[in-house]
Amino acid sequence: MRKTQWGVLAVATAAALVLTGCTAPAGDGGQDEDVTLTYWDFIDPSQDNARSVALKENIEAFETANPNIDVQLEVVSYGDMISRLPQAAAAGQVPDVVKMYTPLVAQVAAAGVYQPLPEAATQIDDWLRPIDQLVDAEGNQVAVPYEYRTCALFYNQKILDELGVAVPTTWDELVDAAAKASAAGYVGFGSGFSDVDNSAIISELFDCFMAELDQPIVDKDGKAAFATAKAEEYSQFLADLRDAGAYSSSVVADQYSTVTDGLSNGTVAFGVLGTHRVVTIQSVNPDVQWTNLPAASDGSQTGATFGFTFGIGSSSTHAEAAWKFIEYMTGPEAQARMATGGEVPVRAASYDEDYFSTPEAETVLAIRDYVENYSTPNTYAANWLKIATGLASAGQQLVLNDISASEYLQVAQDAANG
Amino acid sequence: MSSLTTAPALSPSVPAVRSRRRDLGVWLYTIPVCAIFLVVFVAPLAWTAWTAMHETTYYQLGAFSGADSFVSLLSDADLPKQLGITLAFSLGALVIALPAGLLTALVLNDIKRFKRTVRSLFLLPWLMSQATVGTIWLWFLNPNFGPATAFTTSIGLGKTDVFSDPVIALVAVTLITAWWSYPQAMLLFLGALQTIPSELRESLRVDGGGIWHGFVNVTLPYIRNAIVSVVIVLLMLYVQMVTIILVTTRGGPLEGTTTLSMRVFNQTFLDFDLSGASATALLLFAVNIVLTLVAIRFRRKESL
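Order-wise, the sequence lines are chains G and H.
Residue 1 is where the first sequence starts when you use the working numbering, and the numbers rise one by one after that.
Residue 1001 is where the second sequence starts when you use the working numbering, and the numbers rise one by one after that.
Derived from the structure by calculation, the hints contain no laboratory data.
Certain hints may be false.
[As the list claims (entries may be wrong)] Residues of chain G clear of chain H, computed beta-carbon distances all greater than 10 Å:
| no. | residue |
| --- | --- |
| 1 | 36 |
| 2 | 78 |
| 3 | 348 |
| 4 | 363 |
| 5 | 407 |
[Said to hold, decoys possible] Dumping the calculated BS3-like pairs for lysine-lysine here, alpha-carbon to alpha-carbon at most 27 Å:
| no. | chain 1 | residue 1 | chain 2 | residue 2 |
| --- | --- | --- | --- | --- |
| 6 | G | 230 | G | 220 |
| 7 | G | 180 | G | 158 |
| 8 | H | 1159 | G | 180 |
| 9 | G | 158 | H | 1159 |
Here a beta-carbon is modelled for each residue, glycine too, at the ideal position from N, C-alpha and C.
Generate the whole structure from the sequences, applying the supplied hints.
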């Protein structure tokens, strides 16, 4: 009997200890409770490039200022992030801090990746561009921008000088100039219809062109609805390039990196890329310049604002600490450090930092002005990946099956809604 | 009767006890294997079928939908093309990797000097991950700066642009996959070749038999079952291949390299249609079984 009583006591004690361990409230960075934040980023802070160094310094500075918060960064490639985040949401293992590209915020929000940002997020009111499109289906703010980009026309000045061609200011002029470059043995207009890299280059051009045309990409039900007469200006541009022989012979299989490589090595005359490529391409080939997007038929040159964003993972039990980290990373000190790596800060307050008075900040400031004056955020639905794939697939048919501009739009839209 | 000279008769229960002990021993060996089989094969298969019979939103199961996903799959106009591409890709890679593996195994089996070094060199493709293989070939065949283009341009053939045409892209990924996988066939055949008695080779040499005669009458009968095994292993590998296609073409251009496996991948990670992907995965499983059963029919039943 005594043995039984001691045994029961031992079991009860063990159970009590286990239950205490299981139900102790998780630290949330408040007071002095120790918190570990998980954070996925594709930038590897151990690398020796400007962006990696800036990220590493930012994390170290945040941890120094918040000694009870440990930021555990896991390097995850961007492609993996897109597929792993919905899985993590289903498994209840989303990282505390989620980094995601603007067009995909709605898609990952629909997959249950985010939790709404805390009330404190509404206190920030100096974002350079509106942020009200970074919401979930219920209209809750789920992400804030971390860096800004928009599309720009890149051109090789040396090739233009050789051909005696002026920098085009309309899409028709661009086709003509690209045709001349092509006739001279260059790739007239760098683009790509491969979807190996999630159709990055063609979807970026599409995003900016639709913003320029003020053409909504999706309807109120979230279905792709861009196959309109207005949007034909975009697909006609693509068809005209084809007819002018301005594409690379391998355009069907080319990716974003093919075009950046081509601009860097001087074989591509023109390309429309994101402003985040300005510094890297010009550092390799100073002949490459950038300017506003060509104007649409109504004179508009306003492309889409996009870039990477931060949000709080739906599984996170450290929302307060996670927001503290996001607030720091989007704040002036961290953003100034980030700008040394070529990224464009998202808040007006950041530009009061000393770095932006230096000559090194000239390019970032120029891009900042361009983003502010020539871009506007688009609204995306939860099917951006399918839209992007549809655009690439339609582009392949444009080149290989010679479809028309209107057929291109219909094919892309049908693929997105399929 | 003396108890020393007459052995006592065994009771009827002794054979039963020995039989029960033998049965217990058998179960002790088979239960762990059955448990693992259940966990890694039966359970996931059942879960896949269960998922295919439900509506899904991203990775969450919704309402029961019965056979809707299967009906949708079988009525998809793209399915016959994808089945055809799967068979063309799998059988195409097989007819290259199988003889290549056998040939290299035969050569390696006869090498006496530097055997290990030569064998390691032949194994190199297999040692690389599929992603690395795809990336390397993507670079090698790059039409703008790849070594292949440099060579073909220098001899006046123009750029290598294999991934811009659906048919040529399919041939390219088939060849790449065969190149990566033939060492596996080589290894399996090398093992089988060790089972051939050396006396048979000696007597064939004494009788004046040639290489072909020796291969047909001595080697082939001994490795026939190994050939069947290699066919099964390789076919299963090719039917399920995703990574090399994903890295090089992602199923394009014009879905010319979209196999059933790529369809499963796209449905899972692009469309987030887990129900449809599960139905396709079950079809893929059925294709695998059919191909395997066909191959098994050629297995030699008696041993030599």
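Evaluation of the provided hints:
1. 36: Fine: 25 Å to the nearest Cβ keeps residue 36 of chain G off the interface.
2. 78: holds (13 Å)
3. 348: Consistent with the label, residue 348 of chain G stays out of reach of chain H, its closest Cβ about 37 Å off (over 10 Å).
4. 363: holds (27 Å)
5. 407: For residue 407 of chain G, whose nearest Cβ neighbour in chain H is about 14 Å away, the distance exceeds 10 Å, so it holds.
6. G:230 with G:220: holds (18 Å)
7. G:180 with G:158: Given that 27 Å is the threshold and the Cα spacing comes to 14 Å, the pair holds.
8. H:1159 with G:180: OK: residue 1159 of chain H and residue 180 of chain G at ~22 Å, within 27 Å.
9. G:158 with H:1159: Judged against 27 Å, a Cα distance of about 25 Å means the pair holds.
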